[in-house]
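Since chain A is already given, all that's left is putting chain B on it; use the hints.
Below, each chain spelled out in residue letters.
2 protein chains.
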Amino acid sequence: MINRLVVIGVGLIGGSLALALKKAGACREVVGAGRNPLHLNKAVELGVIDRFETDIGRAVQGADMVVLAVPVGAMEASFAQLRGHLEPDAVFTDVGSTKGSVVEAARRVFTQVPAAFVPGHPIAGTEDSGVAAAVAGLFQQRRVVLTPLPETSAEALAKVREMWQRVGAEVVETGVAHHDEVLAATSHLPHLLAYTLVDTLARMDTSEEIFRYAASGFRDFTRIAGSSPQMWHDICLANRNAILDMIRRFTEDLEQLAVALRTEDSAEILGRFTRAKGARDRFKAGKP
Amino acid sequence: MINRLVVIGVGLIGGSLALALKKAGACREVVGAGRNPLHLNKAVELGVIDRFETDIGRAVQGADMVVLAVPVGAMEASFAQLRGHLEPDAVFTDVGSTKGSVVEAARRVFTQVPAAFVPGHPIAGTEDSGVAAAVAGLFQQRRVVLTPLPETSAEALAKVREMWQRVGAEVVETGVAHHDEVLAATSHLPHLLAYTLVDTLARMDTSEEIFRYAASGFRDFTRIAGSSPQMWHDICLANRNAILDMIRRFTEDLEQLAVALRTEDSAEILGRFTRAKGARDRFKAGKP
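Sequence lines, in order, name chains A and B. Numbered by our numbering, the letters in the first sequence go through residues 1 to 288 in order. Numbered by our numbering, the letters in the second sequence go through residues 1 to 288 in order.
Any given hint could be a false lead.
Which copy is meant is left open, so a pair is good if it fits within one copy or across any two.
Stated by the list, open to error - DSS-like cross-link-like pairs, simulated, lysine-lysine; straight-line CA separation at most 27 Å: (1) K277 x K23; (2) K284 x K42; (3) K159 x K23; (4) K277 x K159; (5) K277 x K42; (6) K284 x K23; (7) K42 x K23.
Hints listed in this document are in silico derivations from the structure and should not be mistaken for laboratory results.
Isolated chain A (complex conformation) (with noise of 0.2 Å):
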């Protein structure tokens, strides 16, 4: 039972985090934390907090579980604000899509990771963001990566794994920088991807037609292109290096399908595609 939690950015996953470990009775208190008073006030009419403070380093005095659930690139400086405000037994975490730089900031802020500090990753989330998207049933059997250091206590980690549970995810442990270069290839890569066909497509003198002879594959494909465009700028900057890999991957492979299209070589084009559909439809039925 988490007596007093703290949740530092109330929107899309901090909000139903909130509202999720209230629904399942783990939880007696939620103060929110941020910078807009309008913004927190919403959370508070929609009941997702019972409080908020705009100041991180009162807002954590008293808590036993603080959730740092603000862009990638406010990391840093969300740190710095609760450093020497924490109580002693406090545990916090934090559910950034990257969790290298989440590391990064945190060294440079406490010069080493505090071992009551648990770098996490909920796999959840939809294109909308703020607090008004929030559900408590955001995190039902999704999973949850917390990629503990070696300077991580078993203890702060044993807490963070309960407080996922609760909500009902699936609490799994890998390195930090395998988090990362797992996350370019699966939702980064595909977030830019999205994003930039939208873009290209939105350019072209005919684009007003364009998106009105679309259909739900293109529905379907852009969606996440409807995703927040700070959090996602944020997690470029913060991935930058493994998701340049991927960009570069990608385009190579696209590259060698567009030769195959030019020279007409039909054995490779239907081979490329023959090999995908054999690797989603198993992604499909959940045997990768």
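For chain B alone, coordinates are given in the frame of chain A:
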């Protein structure tokens, strides 16, 4: 009212059209035509067609409406097989995703495109293929694009238009080349990107784990990679110039984004994502 409908190629689209017309009471008899008797027998069992012929020339005898629903690469062979067998008052149309290649195939087979032929393309489908996936509601509120030529008879055009309206579709008309350019952007390129992404990921050493960490965004983004490889192989070759042009545009934009990442050009990254989100949000709201 159609007296005898012949569907050449009883798959997802041809089968769904047959089901929908029957359900609407817009068709007395449906004859399926194709090469595979086992497959056609299944279509009879599913109630999609009333009977079948494996000889196209025999199938179209007595038909007032013939729909070619084979992959675009098989259109020319189908045209050749029905040539000389159509009733004098029969109308025929196709459902191919590319229109230039189908019109060229018709011209090669018939010397000039017959007045009774109306090139068409229902913008509907799912990633599933085959007659087992056919559903009567597939065309409800979907667009069907007809690309009549100067030689197309007004009567034939009206009959095909009415057929699609009877199954709930919204019929629009445009030029052949314009259709192919727009669809290259909105459908063909996204399919190629989805196939390529899944193939890129599947061939990485860590592919098993990559798919394990994939979330709903990835699932939706790659749904179309489950589409029929043969169908998409045919589309790629049939519309390769327009598709290659779109690949070039897209690759340039992706490369520019990579440069922005490499140089940590925040404004450029944020600008691109914001523009894309705006276009996607307008598309979602139905205001492109």
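Checked hints:
Proximity of K277 to K23 under the C-alpha cut-off of 27 Å is found in neither arrangement, the shortest distances being 40 Å within a copy and 32 Å between copies. With identical chains, the CA atoms of K284 and K42 are at most 27 Å apart between copies only, with a shortest distance of 25 Å across copies and 38 Å within one. Taking identical chains as interchangeable, the C-alpha atoms of K159 and K23 lie at most 27 Å apart only when both belong to the same chain, with a minimum of 18 Å there against 58 Å between chains. With identical chains, the CA atoms of K277 and K159 are never at most 27 Å apart, being 41 Å at best within one copy and 37 Å at best between copies.
Proximity of K277 and K42 under a CA criterion of 27 Å is satisfied inter-copy only: 24 Å between copies versus 45 Å inside one chain copy. Taking CA atoms no more than 27 Å apart as the test, K284 paired with K23 passes in neither setting, with 31 Å inside one copy and 32 Å between copies. Within a single copy, K42 and K23 get their C-alpha atoms as close as 19 Å, which meets the 27 Å cut-off; across copies the closest is 50 Å, which misses it.
Violation of the numbered hints given earlier is confined to hints 1, 4, 6; the remaining hints are satisfied by the structure.
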